[in-house]
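Single-letter residue listing:
Number of protein chains: 4
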Amino acid sequence: MNLTAFNELPEDTARRELFACCGSEKWASAIMRHFPFSSEKQLVELSSKIWYDQCSESDWRESFTHHPKIGDVKSLTEKFAGKEQAGVAAASTETIEALAKANADYETKNGFIFIVCATGKSADGMLALLKDRLQNTTEEELHIAMGEQQKISIIRFKKMLPDSDFSFLKVSQITTHVLDTSTGIPGKDISIRLKASKDNEWKTIAQGITNFDGRIPDLLPQERNLKPGTYKMVFDTGSYYGKSNTQTFYPKAEIIFNTFDETHYHVPLLVNPFGYSTYRGS
Amino acid sequence: MNLTAFNELPEDTARRELFACCGSEKWASAIMRHFPFSSEKQLVELSSKIWYDQCSESDWRESFTHHPKIGDVKSLTEKFAGKEQAGVAAASTETIEALAKANADYETKNGFIFIVCATGKSADGMLALLKDRLQNTTEEELHIAMGEQQKISIIRFKKMLPDSDFSFLKVSQITTHVLDTSTGIPGKDISIRLKASKDNEWKTIAQGITNFDGRIPDLLPQERNLKPGTYKMVFDTGSYYGKSNTQTFYPKAEIIFNTFDETHYHVPLLVNPFGYSTYRGS
Amino acid sequence: MNLTAFNELPEDTARRELFACCGSEKWASAIMRHFPFSSEKQLVELSSKIWYDQCSESDWRESFTHHPKIGDVKSLTEKFAGKEQAGVAAASTETIEALAKANADYETKNGFIFIVCATGKSADGMLALLKDRLQNTTEEELHIAMGEQQKISIIRFKKMLPDSDFSFLKVSQITTHVLDTSTGIPGKDISIRLKASKDNEWKTIAQGITNFDGRIPDLLPQERNLKPGTYKMVFDTGSYYGKSNTQTFYPKAEIIFNTFDETHYHVPLLVNPFGYSTYRGS
Amino acid sequence: MNLTAFNELPEDTARRELFACCGSEKWASAIMRHFPFSSEKQLVELSSKIWYDQCSESDWRESFTHHPKIGDVKSLTEKFAGKEQAGVAAASTETIEALAKANADYETKNGFIFIVCATGKSADGMLALLKDRLQNTTEEELHIAMGEQQKISIIRFKKMLPDSDFSFLKVSQITTHVLDTSTGIPGKDISIRLKASKDNEWKTIAQGITNFDGRIPDLLPQERNLKPGTYKMVFDTGSYYGKSNTQTFYPKAEIIFNTFDETHYHVPLLVNPFGYSTYRGS
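Chains as they are written, first to last, in this note's numbering: chain A, 1 to 282; chain B, 1 to 282; chain C, 1 to 282; chain D, 1 to 282.
These are computed hints drawn from the structure, not numbers from a lab.
Do not take every clue at face value.
Because identical chains share one entry, a pair is satisfied inside a single copy or across any pair of copies.
Unchecked claim - Calculated cross-link-like contacts (lysine-lysine; reagent style DSBU-like; alpha-carbon spacing at most 35 Å):
(1) K188 / K131
(2) K198 / K232
(3) K188 / K41
(4) K158 / K198
(5) K131 / K101
(6) K198 / K252
Work out the full structure, taking the sequences as your base and the hints as a guide.
Okay, here's the thing in structure tokens:
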């Protein structure tokens, strides 16, 4: 199916398809007001705007309840509902059990299941991220999880419309790149939090772990542009060096930066145990 | 008078002299328990330890009340009680009036007068610092002010014992140096806050403004050594570049660092509008 | 035509086609010894190896004579023989005349015409590069020009085999990226020389000018891998800052670096008027 | 003796004293034209100007012949002629023998003995420096040695006038500081060459090895100010990391910088195995 074919579906069928992408009644109703869609780009942009600006906590929580519960040992070891969880399957029993335990802890703590866009993540990578996210407040997790939901929605749009062209989608508006200049190789498996200021406090709004190339290409959902303002990126350099028992001067590297508009911002970190640099990249 | 002569004074005279250095009954009694003193170094170290570790909020507030009130226009334009306020006298009427206003605001907000070790500070520099400190919480100001009191105590020890040798005194345990690599000259008049973590929140414990050479030699009182731990230094780079209408990517540069022992730590900042570096200096 | 069709050509036709890509008898004969070719990759690799390792000065000079002479005003203002010179056409009369003059100077100085892979270069960009290359010795130019010839050969292979897949071709083995951290934007139009050590002297072996993104994607021909060793990259930072009348501490930034194998090396420069950084990138 | 007493000496006595500081007839005659001297500063400045600007190769070589020959095993193990060689005495037999061998090699190669201002140098440090200087051309060594002679002259002026005040003497006009940000400590025992451009070639004009704090306080003689121009500082980072078998991307770090006047220039290097930074310090 491509977008043209989708636009010709009966409205209730189309609505059902969209609800399967993001299980919020409010979101589905609001996006259907624009049906039929003029382009794939419009679909993604509408999804983002409605999700971030018109929906609120109860809508986000509703969508979380429509996710397949994949956090128990049985589900985690079986094949997963969607290909977006690929990569978890090949995990060791220990990892699966630790994941199941952490998923349960997460739900107990926050009142909703752990939502993550699993694409490209190994079971170990997901476990590291989950443990990391367990340190956040429920308010922070609500925002992180709804961002993950939007990433999942886009993946589901693509699966729903396999014959459509989504090549317009670019990387996250905010990107980073960690290079360890003491070894000359990218800083991988580093936890990074993106924070925004709310009521004079920094709250995590997105979170990820650097890949083998020191990057997190999907820190923000595609087509999600932050309002111009002041943001903070926190790199967990202490844990990174701790893994190799390397003493470091910096338990964290916190970079506070301004965005002046909704264009792309690249905020790299050159790090070594006793020094670091940052700059606006391109 | 040198220390030998001081040690021969009757105890109540010696106590009175010390109370004139730091107007806290508890501090004066505690330090007199060690009278006579074995060296100038012992005197300064005892002062620091008692002031930080044995005294508490009420003692600190008591000492603040024994300072000459120099925040009103009349006092500010007259000569000041002690030479440690030198530099303020030559100020313009506007600065004096702004200083008087800010002093009054400070006392209203915090319930005690503005305490600062004025040595080497111009009226304009003091005004900038005062405005900056007005942004702190009263709890933070209490700690900053008691640190300033300890710096003042040391200056008064030196005046009390003009024939003694205080050359053992070194610079602040924590130092910094700001260089602006877009101009090749030191970053002067930059506000810097040193913070410690308390109950999971960062609280300012010392504050200063960089001099013409980009340094703050007295960020901490001499002989004051922080417990090994994690500290944060915040550089107000946004205001610095704002003064020259230079757009910057960084409203603040926040450096979180570990101290492993009580030796000296140098935490420099190389800054330019769209990039900065830090490292452990020597 | 694709490679399969090419392989079915009579040998002398195939040879003639290849000679049109690189006008050296020795090169054409040597490469034809491998005819028919097993893949496009083999063709490009053979071309590179034969050109660099088996051919020598006389062969390189021979190939230069088979280039269309496009350095005079008439040719420069007309359409150019091949699309690899696209971009020059739209130039001003002044630029065309300056280009013609510089082309003549170049030929007088070096004894062969100015060879450059013009793809993506404007007339002004080409003029800047030409003036820059006029500063090199003839020995250096011989090596730079033969590298440019190899880039041209690859472009001609692609035109000769429009139905073949050349997507395996990657960027230059040595890349760079200049970011100006005083402005937060890439350093464009910066002349960069790559040098190798020969008889204890540094000789330029490749040269280019950074594009709008601060990069030179074709510093070396594709599939050309330098022998592991020590190389130097020279950035003309003095001219770069000179254009905006910005005083700089650094007339040049010279980076000497080791390559340990034939993989890709990224050597970025973060520059501002009074400071710079480099590191091994990824 | 202080300068006043010196000025009252008979001219031939004064001349003899000065010749003992720097054994060149031309230099001694030229400086005596200004006798008596108005200040210690004038004496040092005159010495520098005459030595660098009026004297030439034959004068420099003459002065080298008047140095005690301390390069043989016997002399090296005995006490040395002047205190400026202090530190060498405590060396191991191996070091002494290696020093003697290198001294002989040096004299054979260059035609004059190895001249170095030995103050504060251990035998091992001196040996490292000597081996390093053996790599220079004789022309370079002539200039380095005459600079060392000027440092020695200043030390001898101080010994000749023990009651004079030489506190006006500042550090070298060009200084550096190496910090290794992979370890957080200064980069010590790093060989550094300062070069000037002559006939389009870089020639070493001063050379030293960083001390425990990563500095070379006497890279240039005191009161010697270079003409504003372009200079190069070369840090032997390859040997530095080689000592700890640490792979590095940088066999050398070469910093080319401009001086705009005769004031002090600080050119630091922040280095780690795969990255480095430099900036104009203060």
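Violated hints, by number in ascending order, as checked against the structure: none
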